[in-house]
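Based on the sequences and whatever the hints tell you, model everything.
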Amino acid sequence: MRIDEAVGILLENTCSDIDTGSEAVSLNNAFGRVLARDVMSDIDVPAFNRSAMDGYAVNSDDIKGASKDFPVTLKVCGEILAGDHKDITYEKGSAVRVMTGGFIPDGYDCVVMQEDTDYGESEVKIYKSITPYMNYAKTGEDVKKGELIFKKGTYLGAYHVGVLASLGISKAEMKKSIATTIISTGSELTLPGNPLLPGKIYNNSMYILSSAIVSRHLDAPDMQVVEDDEDRLLQCIKTAAGRSHIIITTGAVSVGKKDIIPAVLKALGAKILFRNVDIQPGTPTIGAIYGDTLLLCLSGNPFAAMANFEVYYWEMVAKLMGCDDLKPQTGRAVMDIPYEKKNVRTRLIRAKVKDGHIVSLGRNHASSVISNMTECNCLIELEAGRSPGVGDEVKIRMLSGV
Numbered sequence: 001m002r003i004d005e006a007v008g009i010l011l012e013n014t015c016s017d018i019d020t021g022s023e024a025v026s027l028n029n030a031f032g033r034v035l036a037r038d039v040m041s042d043i044d045v046p047a048f049n050r051s052a053m054d055g056y057a058v059n060s061d062d063i064k065g066a067s068k069d070f071p072v073t074l075k076v077c078g079e080i081l082a083g084d085h086k087d088i089t090y091e092k093g094s095a096v097r098v099m100t101g102g103f104i105p106d107g108y109d110c111v112v113m114q115e116d117t118d119y120g121e122s123e124v125k126i127y128k129s130i131t132p133y134m135n136y137a138k139t140g141e142d143v144k145k146g147e148l149i150f151k152k153g154t155y156l157g158a159y160h161v162g163v164l165a166s167l168g169i170s171k172a173e174m175k176k177s178i179a180t181t182i183i184s185t186g187s188e189l190t191l192p193g194n195p196l197l198p199g200k201i202y203n204n205s206m207y208i209l210s211s212a213i214v215s216r217h218l219d220a221p222d223m224q225v226v227e228d229d230e231d232r233l234l235q236c237i238k239t240a241a242g243r244s245h246i247i248i249t250t251g252a253v254s255v256g257k258k259d260i261i262p263a264v265l266k267a268l269g270a271k272i273l274f275r276n277v278d279i280q281p282g283t284p285t286i287g288a289i290y291g292d293t294l295l296l297c298l299s300g301n302p303f304a305a306m307a308n309f310e311v312y313y314w315e316m317v318a319k320l321m322g323c324d325d326l327k328p329q330t331g332r333a334v335m336d337i338p339y340e341k342k343n344v345r346t347r348l349i350r351a352k353v354k355d356g357h358i359v360s361l362g363r364n365h366a367s368s369v370i371s372n373m374t375e376c377n378c379l380i381e382l383e384a385g386r387s388p389g390v391g392d393e394v395k396i397r398m399l400s401g402v
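Here the sequence shown is numbered in the numbering used here, starting from 1 and rising by one per residue.
If you are wondering where the hints come from, they were derived from the structure by calculation, not from laboratory data.
Note that the Cβ used here is the ideal one computed from N, Cα and C, for glycine as well.
Treat the hints loosely; a few may be bogus.
Listed below are the simulated DSS-like cross-link pairs for lysine-lysine, each with C-alpha atoms no more than 25 Å apart in a straight line [what the hints assert, rightly or not]:
(1) LYS75 <-> LYS138
(2) LYS352 <-> LYS327
(3) LYS92 <-> LYS68
(4) LYS171 <-> LYS145
What follows is a set of in silico ranges between Cβ atoms, one per label pair, in the way DEER data are often shown [what the hints assert, rightly or not]:
(5) LYS151 <-> ASN28: 18 to 26 Å
(6) GLU230 <-> ARG363: 33 to 41 Å
(7) ASP259 <-> ASN29: 37 to 45 Å
Quick look at the structure:
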């Protein structure tokens, strides 16, 4: 089974835009959140005609033909600074001194830059003819009252937050995060901070995956470590399924003596969606569904777990949250260095992309090695049997949490 086929099957069994509830979130904490409902504008932005620079508000008809050699002299009827509002009635042959952001009274349809005048106070000489609405921001130029600004499901970046602020919105209704549980299996696993006994290893996969999830402003997952015990693991999944939309397990998915995940899924009555996908590392990865809860069962090797997490997890989350911006970020890049090995399966290769070019590859591609991942920001998704040379184009997947 190809990667895209496995993703398709997974998404067929993923509910679309589930109701996780919503909460009012202040703009200070809105970055990276997903809107729970449409946002309409209650005001025009700007709310008045305003000057785009320091100069003189004039009527364009009054300065036709103005030039340095043949200036037009206008009467200055007042001055308006940013933040002021003065009801000045337009008179033919008049001007109003305005500063950047200042209110422009009715009848004045453009602003002459002060550099194109003599800076006059009671009268001003205009040295340039300009057309209507030059240097002039119309009411509603940015946003019109009643306009749909953002749709439900929009992932808020810095500029989204800025637009909300310009509308006077201090809080917005955001979707609550989906709930994820991470269960790391293995009697050999020890949590950081505890003594490392002979035969034991520190659990790092759980922290890699949790950090990646939090990096996209989702709630921190519930995390558990379970020894190689079928009954205990079965009970942990049952309990987690009652409060989680997605359960991720790491370890015990292959065919070894302690690879108990397949037996546990069978005992649960979980439906297997895919297994043995044409992907390396992570061929044994299992996608399943138990009740309404999706299960992603990953390898115990940290790089294999992380790489397959990037392929599948964000696809599920994007559909569950109704937010396409949460989908895996993919693209194309040009190889600046060759990858000479040919693989029998589609291979996920750790790499660094810069300005559309692959500038480095991980020094060690073993699934148990993660130290060189600090130097990488993407995965190359390389077709089986292909060894791209310098100048060849490859598909890449950007990594979350880097």
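Review point. Straight-line Cα separation of LYS352 and LYS327 no greater than 25 Å?
Key: Roughly 20 Å separates the two Cα atoms, so the pair holds.
Review point. Range hint 37 to 45 Å: satisfied by the CB atoms of ASP259 and ASN29?
Key: 42 Å, holds
Practice item. Look at the Cβ atoms of LYS151 and ASN28 and judge whether their distance stays inside 18 to 26 Å. Key: 23 Å, holds
Practice item. Would you mind confirming whether the straight-line C-alpha gap from LYS92 to LYS68 stays at or under 25 Å? Key: 21 Å, holds
Review point. Taken at face value, is the distance from the CA of LYS138 to the CA of LYS75 at most 25 Å?
Key: Measuring from Cα to Cα gives roughly 24 Å; hence the hint holds.
Check your understanding: Holds or violated: 33 to 41 Å for the Cβ distance of GLU230 and ARG363?
Key -> Hint holds: Cβ distance 38 Å, inside 33 to 41 Å.
Check your understanding: Taken at face value, is the distance from the CA of LYS145 to the CA of LYS171 at most 25 Å?
Key -> 19 Å, holds
Of the hints listed earlier, there is not a single one the structure fails to meet.
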